[in-house]
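Enquirer: Protein chains in written order, with the numbering used here: chain E, 422 to 748; chain F, 422 to 748.
Same chains, same names: a pair is fine if it fits in one copy or spans any two.
Straight-line C-alpha distance at most 16 Å; calculated EDC-like pairs for lysine to aspartate or glutamate: (1) Lys-434 with Asp-661; (2) Lys-552 with Asp-517; (3) Lys-579 with Asp-715; (4) Lys-567 with Asp-446; (5) Lys-434 with Glu-522; (6) Lys-438 with Asp-661; (7) Lys-438 with Glu-662.
FYI, nobody ran anything at the bench for these hints, they're computed from the structure.
Number of protein chains: 2
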Amino acid sequence: MKLFEIGELSLLKRIRKRFKTGSKDVVAGIGDDAAVVAPHDQSLLLTTDMMTEGVHFDLKFTTWFQVGFKLISSNVSDIYAMGGNPRFVLLDLAMDKKTDEKSLESFFDGVESAMAAYRVELIGGDLSSSKAGAAVSATLVGYARKPVMRSGARPGDKIYVTGKLGDSACGLKLLKIIRRPLSLETGEKSDKPVGWSIMEPLVRRHLLPVARKPGKITRIATAMIDVSDGLFIDLSRLCDESGVGARVSMKHLPLSSQMQKAAGALGIDPYRLATSGGEDYELLFTASPKRKVDAVCIGEITESDRVFIDRNGREYPLSPEGYQHWH
Amino acid sequence: MKLFEIGELSLLKRIRKRFKTGSKDVVAGIGDDAAVVAPHDQSLLLTTDMMTEGVHFDLKFTTWFQVGFKLISSNVSDIYAMGGNPRFVLLDLAMDKKTDEKSLESFFDGVESAMAAYRVELIGGDLSSSKAGAAVSATLVGYARKPVMRSGARPGDKIYVTGKLGDSACGLKLLKIIRRPLSLETGEKSDKPVGWSIMEPLVRRHLLPVARKPGKITRIATAMIDVSDGLFIDLSRLCDESGVGARVSMKHLPLSSQMQKAAGALGIDPYRLATSGGEDYELLFTASPKRKVDAVCIGEITESDRVFIDRNGREYPLSPEGYQHWH
Numbered sequence: 422m423k424l425f426e427i428g429e430l431s432l433l434k435r436i437r438k439r440f441k442t443g444s445k446d447v448v449a450g451i452g453d454d455a456a457v458v459a460p461h462d463q464s465l466l467l468t469t470d471m472m473t474e475g476v477h478f479d480l481k482f483t484t485w486f487q488v489g490f491k492l493i494s495s496n497v498s499d500i501y502a503m504g505g506n507p508r509f510v511l512l513d514l515a516m517d518k519k520t521d522e523k524s525l526e527s528f529f530d531g532v533e534s535a536m537a538a539y540r541v542e543l544i545g546g547d548l549s550s551s552k553a554g555a556a557v558s559a560t561l562v563g564y565a566r567k568p569v570m571r572s573g574a575r576p577g578d579k580i581y582v583t584g585k586l587g588d589s590a591c592g593l594k595l596l597k598i599i600r601r602p603l604s605l606e607t608g609e610k611s612d613k614p615v616g617w618s619i620m621e622p623l624v625r626r627h628l629l630p631v632a633r634k635p636g637k638i639t640r641i642a643t644a645m646i647d648v649s650d651g652l653f654i655d656l657s658r659l660c661d662e663s664g665v666g667a668r669v670s671m672k673h674l675p676l677s678s679q680m681q682k683a684a685g686a687l688g689i690d691p692y693r694l695a696t697s698g699g700e701d702y703e704l705l706f707t708a709s710p711k712r713k714v715d716a717v718c719i720g721e722i723t724e725s726d727r728v729f730i731d732r733n734g735r736e737y738p739l740s741p742e743g744y745q746h747w748h
Numbered sequence: 422m423k424l425f426e427i428g429e430l431s432l433l434k435r436i437r438k439r440f441k442t443g444s445k446d447v448v449a450g451i452g453d454d455a456a457v458v459a460p461h462d463q464s465l466l467l468t469t470d471m472m473t474e475g476v477h478f479d480l481k482f483t484t485w486f487q488v489g490f491k492l493i494s495s496n497v498s499d500i501y502a503m504g505g506n507p508r509f510v511l512l513d514l515a516m517d518k519k520t521d522e523k524s525l526e527s528f529f530d531g532v533e534s535a536m537a538a539y540r541v542e543l544i545g546g547d548l549s550s551s552k553a554g555a556a557v558s559a560t561l562v563g564y565a566r567k568p569v570m571r572s573g574a575r576p577g578d579k580i581y582v583t584g585k586l587g588d589s590a591c592g593l594k595l596l597k598i599i600r601r602p603l604s605l606e607t608g609e610k611s612d613k614p615v616g617w618s619i620m621e622p623l624v625r626r627h628l629l630p631v632a633r634k635p636g637k638i639t640r641i642a643t644a645m646i647d648v649s650d651g652l653f654i655d656l657s658r659l660c661d662e663s664g665v666g667a668r669v670s671m672k673h674l675p676l677s678s679q680m681q682k683a684a685g686a687l688g689i690d691p692y693r694l695a696t697s698g699g700e701d702y703e704l705l706f707t708a709s710p711k712r713k714v715d716a717v718c719i720g721e722i723t724e725s726d727r728v729f730i731d732r733n734g735r736e737y738p739l740s741p742e743g744y745q746h747w748h
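The task is simple: from the sequences and hints, build the whole structure.
Expert: In structure tokens:
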């Protein structure tokens, strides 16, 4: 069935039934003019992210499940980057009315799967149609007792990152070669430009990214941001907000062995992927050198100079490279 | 200048500077991973609405200013319909990178104008590009001491509406005849299918709708919804949520004289526009018959029957007509 055969009202009913909220904090979820959430004694965190067809996702090599999953992950990542606890989602969805019902189901399967992983509840949204290309956006609501801002880094703080960088960007390069969707959810294999054991984790990082939960980092981080547009651009943002500089050692950047192998096979510089690839959804944060930290130290905060040191010990200016829309 | 020449980062800086928040409740606005809002002792209201080019707005007869203004109004209307106080906005914006800078400026002028009218602050959002057609969405955050739900109507309650119905739908019909944008903001006149004094308020209701603030209604309404998809569909929703029926008198529906004249000139039934036109952004609510109410009574809540009585006294079943996406 196509969406225009189902209709907005009956679809809304289905969604409402499927995403019935259980939490007592939700006074009213889907079904009124606005969602109603009980007052809370912690700070309220609000973030939103939009994904458009042909720009953020290409259905030639992404499934609708993956689009739904990633939409939630990318928003949760922003709440995590504030040291917050994600709680509620509002979803905006504009699809062509000739879209197949199965696509929509698959999208909501992905959303639901991510919601379960992050323990968040859908409390509202808007369904509409689009003339050309789908657009989806989510707003995530969370709470934090003491939010970790981008602005708290001080000279002398060490700079840390929580996991491998560049895997997602490398996965995207691989997908562009394969040029068809991979159903990672069901464990499907594929034509191999590199071995499947190398390729699978990279492609997964791109298609089904899992946002990094900060845990104890929340208590020790002086500043934090998620790596979504690329290490250098996101580090520059943190430095801008804190009014400081940074000194990063390329040799300390955490790169996965799979990414280095795949980059080698593709003839791409793995450090370029790691510094400007984007969509890592890892946490980049700073902490006092006195703190014991369970993450990889990649450099330190300076008064104002922003440099990176390559593997031969040469210094270069660190500039905000990364993915910019409209460029 | 085109958007791709400005770039996302420099655009973000401009927006941030322009929409600097003043309220002490905003701990962090634009510029971190998520906005941070201070805890509040009232219920939190959250709503979102998306508008896509070619579906919700057609740039052949709408200006970008009007799109921005309407996006905020339609969301504020949902907060008002809960008896709430709108406070914060998050904005998602996907435009073609070849869009002219002036269009974007005009869009933000409209957003800002509406924000000033409703006294809300922009605290976050997402800028991205789209391959084909623009998509904009806003999430509105508000507070209410005692939210007015759709579910509180009881048999015997009177049904009220706050203002004229069908003006907006009639304005849209007129615009489709004129087939070009009207700069109502600067007081421009136009080619006239009917007199300008008749046409202007109708077209304005469609292009620059102002959400109805409930004021004292909040204290007396047993149930409330905003009329956004059309009187009958929205009344049906209120009845569904309350588990009741309704009896509406067509002769009591508030129609403007301009709408009746224009509908006559266009050969359209004005009552059809009033019952299923949509985008009125008036409030539809119920209240005990003992209450003194400053709004137009159009009928009363019944146990379960849903009927309307035409101007000749004949009864018809009241069905949820109105605009449905994907139909």
